[in-house]
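Here the protein sequences line up with chains E and F, keeping their order.
Take the first sequence: its letter number 113 is residue 113 in this note's numbering, and every next letter is one higher.
Take the second sequence: its letter number 114 is residue 114 in this note's numbering, and every next letter is one higher.
None of these hints come from the bench; they were simulated from the model.
Predicted model only: the values in this text are computed from it and were never measured.
Misleading hints may appear alongside valid ones.
25 angstroms max Cα-Cα, derived DSS-like pairs, lysine-lysine [unchecked claim]:
hint, chain 1, residue 1, chain 2, residue 2
1, F, 221, F, 162
2, F, 123, E, 73
3, E, 108, E, 73
4, E, 108, F, 123
5, F, 123, F, 162
6, E, 30, E, 188
Pairwise CB distance ranges (calculated) [as the list claims (entries may be wrong)]:
hint, chain 1, residue 1, chain 2, residue 2, range
7, E, 66, F, 226, 47 to 53 angstroms
8, F, 19, E, 113, 36 to 42 angstroms
9, F, 67, E, 139, 39 to 45 angstroms
10, F, 121, E, 229, 46 to 52 angstroms
11, E, 131, F, 225, 51 to 57 angstroms
12, E, 126, F, 63, 53 to 59 angstroms
13, E, 123, F, 61, 47 to 53 angstroms
14, E, 123, F, 53, 44 to 50 angstroms
Among chain E residues calculated to face chain F with C-beta under 10 angstroms, some are [stated by the list, open to error]:
hint, residue
15, 77
16, 86
17, 124
Positions of the beta carbon are idealized from the N, C-alpha and C atoms, including for glycine.
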Amino acid sequence: MAEELLRVEHLKKSYQSKEVLHDINFAIHKGEVVALLGSSGSGKSTLIRTLNGLEDYQGGTITFAGETVHPSKATWLALRQRIGMVFQSYDLFPNLSVLDNILLGPLKVQHRSRAEAEEDARKLLASVNLADYADRYPRQLSGGQKQRIAIVRALALHPEMMLFDEVTASLDPEMVRGVLDIMTDLAKRDMTMIVVTHEMNFAREVADRVLFLSDGEILEDRQTAEFFAHPATKRAQEFLASMEF
Amino acid sequence: MLASGIKVLFAGQNMQRLLGGFLVTLRVAIIVLILGGILGVLLGALRTLHNRPLRIILRIYLEIFRIVPTVVLLFVAYYILPQTFGLNLPGEEVAVLVFTLWTAAEMSDIVRGALESVPVHQKESGLAIGLTQAQLFRYVLIPQAIPVALPGTINLATRIIKTTSLLLMISVMDIVNVGQTLVEANGHKNPSAAFWIYGMMFILYYILCAPLSQWAKRVEKKRLERANG
Ligand SMILES: Nc1ncnc2c1ncn2[C@@H]1O[C@H](COP(=O)(O)OP(=O)(O)OP(=O)(O)O)[C@@H](O)[C@H]1O
Ligand SMILES: [Mg+2]
Chain E
1 MAEELLRVEH LKKSYQSKEV LHDINFAIHK GEVVALLGSS GSGKSTLIRT
51 LNGLEDYQGG TITFAGETVH PSKATWLALR QRIGMVFQSY DLFPNLSVLD
101 NILLGPLKVQ HRSRAEAEED ARKLLASVNL ADYADRYPRQ LSGGQKQRIA
151 IVRALALHPE MMLFDEVTAS LDPEMVRGVL DIMTDLAKRD MTMIVVTHEM
201 NFAREVADRV LFLSDGEILE DRQTAEFFAH PATKRAQEFL ASMEF
Chain F
1 MLASGIKVLF AGQNMQRLLG GFLVTLRVAI IVLILGGILG VLLGALRTLH
51 NRPLRIILRI YLEIFRIVPT VVLLFVAYYI LPQTFGLNLP GEEVAVLVFT
101 LWTAAEMSDI VRGALESVPV HQKESGLAIG LTQAQLFRYV LIPQAIPVAL
151 PGTINLATRI IKTTSLLLMI SVMDIVNVGQ TLVEANGHKN PSAAFWIYGM
201 MFILYYILCA PLSQWAKRVE KKRLERANG
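Model the full structure from these sequences, guided by the hints.
The structure is reproduced here in structure tokens:
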């Protein structure tokens, strides 16, 4: 089995006094694709935001690439270059062109040379079939195009792991496929990924494993085929029954 | 009778003095706008940080400068600075100091509001690609906040120009001051002189402020059109 990349142990997270993640434990190996499933409010977003330092946590440890994360601003600044994240609301920066959106991280955070970073960015744009859009501004793009570029913007830092939080949830149906294809492609190229999604067919196709979250607890941590064929808990059975696919 | 007063405007050095005073007002307004603007942007940015004590202190600063009339602040600075701190600044500098602090307070509120109008997702997207707080301000938040802050800033500029007429109070050779002197020197002979002098001042201030006010309206309209379309 491949090397372990991420380990989460006894993670606890509260908003004010309300605990929303209770004792979360799991590990992810390099190249693994994990679907994080669960009904609305179960804590999926909170969990993956915590893994990118966008939320603090009140207990437990996160270990990334063998190193325990000591939560501090500096730690997360460094880690965010290695853990990319894409959100539901494709938030390209409206004041920057597509190319400048993509280059901001490589140039200002990683201090790479413009020539090299730009060549890289154009290659990435081509890989999502948007090579001709480098000089456009976000307001001139469709939702699907924006989301593909948001993915490219995260990939431009060459992260070791990617987090996706319902990246197709606000897209028009005809735009969804293009974005899912990019993620499928990434999975094939052995990117380590945690994917929160309501696209069950996609999860079943692409994920190696499923983490099923319910009320802030991981109720199931199973191989994908097993989870879909024989959900062990009543909650998971109900959840799968409620999803149309 | 009314027409005879107009002679006062053009008698001797009067027109020159009037315009000279107007230029002092303008100079103070411009210096104040620049200094207060820069300070206000910094304070406004600080007010968006999650630092409670800092936010409270800056909030109190804003409220003081907003609640206490500017003329009172001017008097306090003009009489108390020299007496209590032995600081003897020329009138124009005291005015610049007070107006700058006032402008910075108002400006900080405009800037804070504009920065906070940028959706939180923009901020998180910036953090997610590893930007530091300073880079986030520079490349993401400030460029998006500028169009939001512009109309309010232009309106503030208009208010600054109007408020600088208070300089009369601390005997800077400001236009209102010159006008007042002229009225007093000529008033008993020529009662309509006041009409012409104040009328002239009205026109000068109007020429300065009306375009700004129009500009602010246009900018805001354009921004709203863009936001909705
Ligand atoms: N900023 C916040 N302050 C307080 N409570 C919050 C906050 N964000 C989320 N919560 C609560 O935490 C719990 C988990 O929310 P979370 O957004 O992680 O769920 P989710 O599984 O991502 O749901 P969805 O599928 O609707 O996106 C919910 O009970 C929610 O109300
Ligand atoms: Mg969510």
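Each hint, compared with the structure:
no. : hint                               : in the structure
1   : F:221 to F:162                     : 24 angstroms, holds
2   : F:123 to E:73                      : 15 angstroms, holds
3   : E:108 to E:73                      : 17 angstroms, holds
4   : E:108 to F:123                     : 16 angstroms, holds
5   : F:123 to F:162                     : 37 angstroms, violated
6   : E:30 to E:188                      : 13 angstroms, holds
7   : E:66 to F:226: 47 to 53 angstroms  : 49 angstroms, holds
8   : F:19 to E:113: 36 to 42 angstroms  : 56 angstroms, violated
9   : F:67 to E:139: 39 to 45 angstroms  : 41 angstroms, holds
10  : F:121 to E:229: 46 to 52 angstroms : 37 angstroms, violated
11  : E:131 to F:225: 51 to 57 angstroms : 32 angstroms, violated
12  : E:126 to F:63: 53 to 59 angstroms  : 55 angstroms, holds
13  : E:123 to F:61: 47 to 53 angstroms  : 51 angstroms, holds
14  : E:123 to F:53: 44 to 50 angstroms  : 48 angstroms, holds
15  : 77                                 : 6 angstroms, holds
16  : 86                                 : 8 angstroms, holds
17  : 124                                : 14 angstroms, violated
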